[in-house]
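**Q** Protein chains in written order, with my numbering: chain A, 1 to 429; chain B, 1 to 227.
Bear in mind the hints are in silico, worked out from the structure with no lab data behind them.
Note that the coordinates shown come from a computational prediction; the quantities given were computed from them, not determined experimentally.
One or more of the hints may lead you astray.
[Said to hold, decoys possible] Partner residues aside, some chain B positions facing chain A, computed with beta carbon under 10 Å:
hint, residue
1, 7
2, 136
3, 168
[Stated by the list, open to error] EDC-like, lysine to aspartate or glutamate: derived pairs with alpha carbons at most 16 Å apart:
hint, chain 1, residue 1, chain 2, residue 2
4, B, 153, A, 279
5, B, 221, A, 246
6, A, 397, A, 279
7, B, 113, B, 126
8, B, 153, B, 137
9, B, 152, A, 297
10, B, 152, A, 304
11, B, 87, A, 132
12, B, 213, A, 246
From the three backbone atoms N, C-alpha and C, an ideal C-beta is built for every residue, glycine too.
Spelled out from the first residue to the last, the chains are:
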Amino acid sequence: MKLIYRIALRLSAVLIPLMALWATLFYFMTVDEINDEADDALGDYSELIIIRMLAGRELPPLNDGSNNSYSITPIPREYAESKSHIEYYDAEVYIPEKEETEPARILSTIFCDNDDNYYELKVAMPTFEKEDLVRTILFWIILLYFTLLITLIGVTTWIFHRSMRPLYDLLQWLDRFTPGKPGSPVPDNTNITEFHKLNQAVQEAADRSLVLFEQQKQFIGNASHELQTPLAILGNRIEWLLDNTEPNEKQVEELFKMQRSLNHIVRLNKTLLLLTKIENGQFPESSPVDIAALIGEQAPLYNEIYESRHIDCHLDLPDHFVVSMNDSLASTLVTNLLKNAYVHTEPGHRIDISLHNGTLTIANDGDTPLDAAHIFDRFYQGHKKEGSTGLGLALVKAVCRYYNLHIEYRHANGRHYFIVTWPLKRKEK
Amino acid sequence: MKILIVEDEPSLREIMQRALTQEHYVVETATTYAEADAKLAAYTYDCILLDIMLPDGNGLHLLEHLKQQRKRDNVIIISARDSLDDKILGLDMGADDYLPKPFHTAELLARIKSVLRRGKSGGEMELRLGNVSLEPESSRVRVAGSELPLLKKEFDILLYFMQRPNHLVDKSVLAEAVWGDHADQADNFHFVYAQMKNLRRKLTEAGADIEIKSIYGFGYKLIPPTE
Chain A
1 MKLIYRIALR LSAVLIPLMA LWATLFYFMT VDEINDEADD ALGDYSELII
51 IRMLAGRELP PLNDGSNNSY SITPIPREYA ESKSHIEYYD AEVYIPEKEE
101 TEPARILSTI FCDNDDNYYE LKVAMPTFEK EDLVRTILFW IILLYFTLLI
151 TLIGVTTWIF HRSMRPLYDL LQWLDRFTPG KPGSPVPDNT NITEFHKLNQ
201 AVQEAADRSL VLFEQQKQFI GNASHELQTP LAILGNRIEW LLDNTEPNEK
251 QVEELFKMQR SLNHIVRLNK TLLLLTKIEN GQFPESSPVD IAALIGEQAP
301 LYNEIYESRH IDCHLDLPDH FVVSMNDSLA STLVTNLLKN AYVHTEPGHR
351 IDISLHNGTL TIANDGDTPL DAAHIFDRFY QGHKKEGSTG LGLALVKAVC
401 RYYNLHIEYR HANGRHYFIV TWPLKRKEK
Chain B
1 MKILIVEDEP SLREIMQRAL TQEHYVVETA TTYAEADAKL AAYTYDCILL
51 DIMLPDGNGL HLLEHLKQQR KRDNVIIISA RDSLDDKILG LDMGADDYLP
101 KPFHTAELLA RIKSVLRRGK SGGEMELRLG NVSLEPESSR VRVAGSELPL
151 LKKEFDILLY FMQRPNHLVD KSVLAEAVWG DHADQADNFH FVYAQMKNLR
201 RKLTEAGADI EIKSIYGFGY KLIPPTE
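Looking at chain B on its own, in the form it has when it is part of the complex:
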C-alpha cells in the first residue's frame, strides 16, 4: 500500500511518516503544491493525505488535477481550517474523507484503513480482527460467526478500539469519543469503566480472541491475537 503525505510542516510530516511506516505502508512525502502535483502526475497512490493549506497553492486544486487525469486515488483532506465549506467542497471535488487538525495518530490510521477498505470492497465496511467482525453500518458484531448482542455504548467502544488496534487510549479520550464533547471533563471515569467491564465480559464469554486490556488503570489497548 502506497501513501503520499502532502504536508508542508516538517515535524508533522515526519511523525505521520513514522507512524504510517510502522503500519507497513510505503510512504512518500511532498512538501509543496508543485512537488505534490509532480508526484501525482507521475505515480499512483493508494491513499493521499492532503494538507490543503500549502505555501504555494491550495491543495484543493490537486483534486481537480486528479480528476482531469481520471485517477481514482483515495484522498483524505487534512486541514487546519475546520470549516464546513472546505469539507463540503473537498468531498464534492472527489476527496474521500476530511480530517481536521489536530488529529490523533490512531484516528488518522483508522481513517486511512476505512478509506482503503471502502475503495477495495466497494462500500462494504466490515472490520475484522481475530475472530471478531463488526459491521459499523448495521451495528452488528459477530464472534466466531455467531452474533454478539451489544448495547449502544458497548458497540461504540468496541468500534473505536477495532479501528485502533494496539493503540493505548486514555480513558478521557475514549469518553470524549463515545460520550461526546464534554465527557472528558468528568470528575471520574466510572461510567467508562462500567461499560468497559460489561463489554469485556461479553467478549470473553463469547470466546473472542481479541482482548481490550486495561493499562495501569489509566487507559485501554486492544490486543489482537498474535498470528
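For reference, chain A alone in the conformation it holds in the complex:
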C-alpha cells in the first residue's frame, strides 16, 4: 500500500467519528436553544393568559394567526396537588386551520383562582419538525464531510508530494540500484535535513556494499590465483621425485597419492575460479552451441569412464538443439550434469537423458531424495564422494543463472530428475 493511500484512509477514518460527534452535539445544542426560546415565549404567554383570567378580563382569541393555542381545564384539587405546577414537553398537536398535526412545544401549568378553583392551562406553540432538522443536519454534515475530506486529501496529497519528492527520488534510485554494480550517485537535491541525512546514509550503505561486494568477489579470485604458484611448485617437485629418484613401489604409490590429492586441490581451485568468473560475468562471448550434439558426444565418454558400473544410459535427443551460449560454459553445464548422474547412479541402474522443446531432463535411479533446497549450494554433499569437489552442481546453477535458464531438481518414483529449461526455444529441428 502506498503511503499516500494510507494517509488518505486514516484521514477519512478519523474524520467520520469526529463529524458524527460534532453533528450530534450540534443537533442537541440547536434543539436545546430552540426549546429554550420556545419555553420563554410559552411562559410569557401563559402568564398573560393567567393574569387576564384572574383579572376577569377577556382572554386572547384562540385564532390569532400565530398557530398558538391554549386550553383551560378545571381540575379537582386532588389532581392539582398530585401534579407538578409547571411542565414543559413536546407533543403533536392538531391545528384546525391547517387540518394537520404538527409538533409543538407545550407548557402545562396549574393555577387556582380566588375561589379556590383549580385550572390546568396548556399552552401549545408549534415548533420545528425534529426529523426534518435531523435530516437537514445529516445532509449538511455529510456534505461537509466529503467537502472537507476532498479538500483535506487534495491539500495533503499536494503537500505530501511536494515535501516527499526527495524520498521518491531516493526510492526511484533504489529501484535502479543493483547490488555490486556501480551506478549513479544517490540524488540529493534537497535542503531538508532529514532527507539529506537519509540520502547520505543510503549513499554510504551503497558505497560500502559495493566495496564489500567487490572485495568478496575478488577475494576468492585472488586467493585462488595466489594458490596457483605454490600448487605448481608442489606438483613439479613431486614429478621431479618420480622422474629422478628411481622410487620403489611404495614410494611411487605414496607420491601418486600426493599427486592425486594435489590434483584435487588444483581442480577445486580451478572450479572456484570458474565460479568466480561466471559470477563476474566474464564469459561475454557467446556462439551457437548444439546442446544435443554436446550430449551425444559426452555421454559415451562417461559411459566409457564408468564402464565398470554397467550403467544403462538412454539418450532421447533431437538431431540439433542450438542455443547461443559460451561453448565452455555449455560444456560445463552438460558435463557436470552428466557426471553427477553417473557418479550417483548405483551400478547396473539406468540413466535417461531427454531433450525436447528446450527442456533437458536427466533422470537417474536413486531411492533417497536429495535436499532440493541445498543441492545447488557450494560444497553441499549428501554423502562425501572421494575426489569430488562439491562444486559441480553449484557450477551448473551458476551457468543457469548466467543464461537465465531454469533448473529444477525433483525426486519421483525412485528417480532423481534434473530439469534444465531454456527460456526461449531458439532453434530446433
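Once you've looked at the hints, dock chain B against the given chain A.
**A** Chain B alone, transformed into the frame defined by chain A:
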C-alpha cells in the same frame, strides 16, 4: 638451446631450472621485470618462459620490447591467471604459447619442445622417438616407415607419451588428459588399461623400439630406445 626463466617465485624458479637443466638446456633466470628486460636486451634466447605477473611490472610489456627489438625469441607465457583475455592478448603480442599455473613439469617440457620444433622447422610438427614418428596434425603414426593405424584414444595416449618420454605418468593424470576433465575421478581406471593394452600390443606388433612401460600398476612411462 638457451632458455630464460622469468619467474619471481624462487622455489618454482629453482624446480623449473632443475628440470630444464636435466633436459640439457642452458638455463638462465630472471626474478624481476627489470632483470628480465635487461637480459632480453643483451642476449638472445631460444625460448623464454615468462611469468606475466611480476612484482615490478606486467610481463606482457616484455613482449612489446621484444617486438620493438625485432627479436624472434620463442615465448611461453606462464600465468597464474588462467584468463582468456590474457591468453588472447599474449598470443596477439607475439607469444608462442600460454601455460596456466599450476602445470606439470612434463607439460612444460612438452610445450617447450613443441615451440622449439615449430620455430625450427617452420610449422612442421612431427614427433619422433626411436623408429616411431607421429604427426599430431594429421593424426598419423609411422613405425619404421610404415603406417600404424590407431584408434582415436590410442593415438591421444601415444601423443601424450611421445611428448613426455621418460616421465612417469599417473593413470589418473593420463585419464584426465585423454578423456577429459572429470575422468580422473573415476572409480577405477580399467578404461585406461584397456586402451593402453591395445596400444602397446599394436606398437609391439609393428616392431616399435619404444616401449610404454607399466610402473608398479600405478602409472606408465615411455621408454625411448637407448642410443
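**Q** The structure should be examined with respect to each hint, and the outcome stated for every one.
**A** Checked hints:
no.	hint	result
1	7	holds (9 Å)
2	136	violated (21 Å)
3	168	holds (4 Å)
4	B:153 - A:279	violated (35 Å)
5	B:221 - A:246	holds (12 Å)
6	A:397 - A:279	holds (11 Å)
7	B:113 - B:126	holds (11 Å)
8	B:153 - B:137	holds (15 Å)
9	B:152 - A:297	holds (14 Å)
10	B:152 - A:304	holds (14 Å)
11	B:87 - A:132	violated (95 Å)
12	B:213 - A:246	holds (14 Å)
Against the hints set out earlier in the document, violations occur for numbers 2, 4, 11.
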